[in-house]
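Chains as they are written, first to last, in my numbering: chain A, 1 to 148; chain B, 1001 to 1229.
Hints listed in this document are in silico derivations from the structure and should not be mistaken for laboratory results. Careful, some of the hints might be misleading.
Unchecked claim - Label pairs and their calculated CB-CB ranges:
(1) B:Glu1156 x A:Glu18: 38 to 44 Å
(2) A:Glu130 x B:Pro1138: 43 to 49 Å
(3) A:His132 x B:Asn1135: 30 to 36 Å
(4) A:Arg79 x B:Pro1183: 15 to 21 Å
(5) B:Asp1153 x A:Pro146: 49 to 55 Å
(6) B:Asp1182 x A:Ile122: 48 to 54 Å
(7) B:Asp1095 x A:Arg65: 42 to 48 Å
(8) A:His129 x B:Asn1135: 41 to 47 Å
As the list claims (entries may be wrong) - Facing chain B, from chain A, some residues (calculated, C-beta under 10 Å):
(9) Asp28
(10) Ile85
(11) Lys100
(12) Ser101
(13) Arg142
Backbone N, C-alpha and C fix where the C-beta goes; we use that ideal spot for every residue, glycine too.
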Amino acid sequence: MTYTRPRTGVYATVNGVEYKCNDYPRDDQVLLLSREAENPDPRLFTRDEANQLWTALVPVDQCERLADVTTRADYRGNRCQVLSIAPNGDVGLYFLGDDKSVAEKDGFIQVDPGTWAKTVNIHDLRTYHEQHADLRYERWWRKHHPGQ
Amino acid sequence: MTAPMRVPGSGALTQHERELAARVHTFVKVEPDTIMVKALAPAALRRYLNREVSQGVWGVAPPFDYRVAGGTVVRAQDVTQLRTPADFMRALRLDYPGSPFRPDLPVLHILEFPALAPNQYVKPLGAPSVDDPNNPVPYDSDPVRAAAWAMADAAEAAGVDPNTYRKQINPWPYTGTGITADPELGVPEWWRRYDPIPGGSTIVEFNREGMRTPVAVYRGEAFGWEPLR
Chain A
1 MTYTRPRTGV
11 YATVNGVEYK
21 CNDYPRDDQV
31 LLLSREAENP
41 DPRLFTRDEA
51 NQLWTALVPV
61 DQCERLADVT
71 TRADYRGNRC
81 QVLSIAPNGD
91 VGLYFLGDDK
101 SVAEKDGFIQ
111 VDPGTWAKTV
121 NIHDLRTYHE
131 QHADLRYERW
141 WRKHHPGQ
Chain B
1001 MTAPMRVPGS
1011 GALTQHEREL
1021 AARVHTFVKV
1031 EPDTIMVKAL
1041 APAALRRYLN
1051 REVSQGVWGV
1061 APPFDYRVAG
1071 GTVVRAQDVT
1081 QLRTPADFMR
1091 ALRLDYPGSP
1101 FRPDLPVLHI
1111 LEFPALAPNQ
1121 YVKPLGAPSV
1131 DDPNNPVPYD
1141 SDPVRAAAWA
1151 MADAAEAAGV
1161 DPNTYRKQIN
1171 PWPYTGTGIT
1181 ADPELGVPEW
1191 WRRYDPIPGG
1201 STIVEFNREG
1211 MRTPVAVYRG
1221 EAFGWEPLR
């Protein structure tokens, strides 16, 4: 059985196609990744045989879109981050709310400093969605509002 | 007659004292190049190195993603004097209920990473509960909620940017003042969204003898964590 993980990471759109990035932009460039069998865009990508993937280093300005993507859902009315979904429907959640008395009542436990987690069934989730933080906007803001 | 509930941390302060505590946060900032620090639970290093992405198993192992870090973090510049697991335990108050951290741990692993996007971080200002086992304060009680609102009001009065803090209720040893609870080693704390770990971040090991050893560096989504020893 195959399944798609909930998406987490940086995604760039270049020439109308969305690619996963290896990391946040560095030196105004991002490293695009592709695990397709064929080169997704020979104008951009070269083969990284050691890691069995295609990579392309492109300027941020060449990205039509650049977003920090996380997956979220509501569990018993609590906004949570979805980390992983198993084939049997088990879902790993981190609690995103501000009132941990609610988290405790709903069975979340603190697993490291400031992190409250629970494994639940996928049928208990509502409002499953992706959160996209626009990294090009943040870059523009920092450039035009230094020190803020 | 029962004693009145005593809310610790911010709940034990006058409103003027809360405003003074909040004013600190108008000066203590996170910039994109600020190095942040997070204490990792004892089992986390292995999970990072194994590139684990897991939904977890209830009561056995919590959910995990080797590409992500978040929760309570502090600035590296505020903890340079900490050298041993016991130092970190005390300064970061890692003795929360159910904590896997112990002061006699042979080593403690610390994730060090650049802040990159300051808007991923908020000051947790609010109120705690359950300080005194003889007089426990349920953290859904009215006194706790009132203290949390009072701390948020103090932040507003002190001119703290409302985009930089959130009113939070957490169990003690969270203080609600944005400063960890140790009276001598307490440091400013932030809460980071669970966002990707920036490439170049390192996991550093501190042992009981005070030796600091980098043990892994993150090379990004595709290349994972590279062991350094």
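Look at the Cβ atoms of Arg79 of chain A and Pro1183 of chain B and judge whether their distance stays inside 15 to 21 Å.
-> Violated: the Cβ-Cβ distance is about 34 Å, outside 15 to 21 Å.
Interface hint status, Lys100 of chain A versus chain B (Cβ within 10 Å) | This hint holds: Lys100 of chain A lies near chain B, its Cβ roughly 5 Å from the closest one there, short of 10 Å.
So does Glu130 of chain A sit 43 to 49 Å from Pro1138 of chain B, Cβ to Cβ?
-> violated, 36 Å
Using Cβ atoms only, decide whether Arg142 of chain A comes closer than 10 Å to chain B, and label the hint accordingly.
-> This interface hint holds because 7 Å falls under the 10 Å limit.
Given the hint of 42 to 48 Å, check if Asp1095 of chain B and Arg65 of chain A actually sit that far apart at their C-beta atoms.
-> For Asp1095 of chain B and Arg65 of chain A the Cβ distance comes to about 44 Å; the hint holds.
Could you check the hint for me, namely that Asp1182 of chain B and Ile122 of chain A are 48 to 54 Å apart, CB to CB?
-> Violated, since Asp1182 of chain B and Ile122 of chain A (Cβ atoms, about 41 Å apart) do not stay within the stated range.
Interface hint status, Ser101 of chain A versus chain B (Cβ within 10 Å) = Since the shortest Cβ distance to chain B is 4 Å, the answer is holds.
Measuring from the C-beta of Ile85 of chain A to each C-beta in chain B, is the shortest one below 10 Å?
-> holds, 6 Å
Could one say that the CB atoms of Glu1156 of chain B and Glu18 of chain A fall in the range 38 to 44 Å?
-> Holds, at about 40 Å.
Do the Cβ positions of His129 of chain A and Asn1135 of chain B conform to the proposed distance bound of 41 to 47 Å?
-> Given a distance of about 43 Å, which is inside 41 to 47 Å, the answer is holds.
Measuring from beta carbon to beta carbon, are His132 of chain A and Asn1135 of chain B in 30 to 36 Å?
-> Given a distance of about 46 Å, which is not inside 30 to 36 Å, the answer is violated.
Asp1153 of chain B paired with Pro146 of chain A, Cβ distance criterion 49 to 55 Å = violated, 31 Å
In this structure, the hints that do not hold are numbers 2, 3, 4, 5, 6, 9, in rising order.
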